[in-house]
Amino acid sequence: MSDQQHEVVGHLTGSVAEGSATRPVRVAALVSMYVRPGHRSGGLGARLVARFAAWAKESGPNWQW
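According to our numbering, the sequence shown is numbered sequentially starting from 1.
Watch out, some of these pointers could steer you wrong.
Unchecked claim - Per label pair, the in silico range of CB-to-CB distance:
#1 Tyr34 - Trp55: 30 to 36 Å
#2 Ala17 - Gly42: 29 to 35 Å
#3 Gln5 - Ser41: 16 to 22 Å
#4 Ala46 - Arg23: 25 to 31 Å
#5 Glu58 - Pro37: 28 to 34 Å
Everything labelled a hint here was simulated from the structure, so no lab data went into it.
In this text, all values refer to a predicted model and were calculated from it rather than measured experimentally.
Glycine is no exception: its CB is placed at the ideal position from the N, C-alpha and C atoms.
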């Protein structure tokens, strides 16, 4: 995610996995997240997580979050 000066100030990495015989649902997992110190406490982390959750839900049915 970038700020108004087009500088990357935070990122989120996630993974997705299809279901298996032992876990019959697809799973979206947040793997890592970072927001630069000068941009914390402004809701950026919450927006990154919300966007990831929305993407996972939009990607198809049966997602476990």
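Exercise. Of the hints given before, which are not true for this structure?
Worked result: 1
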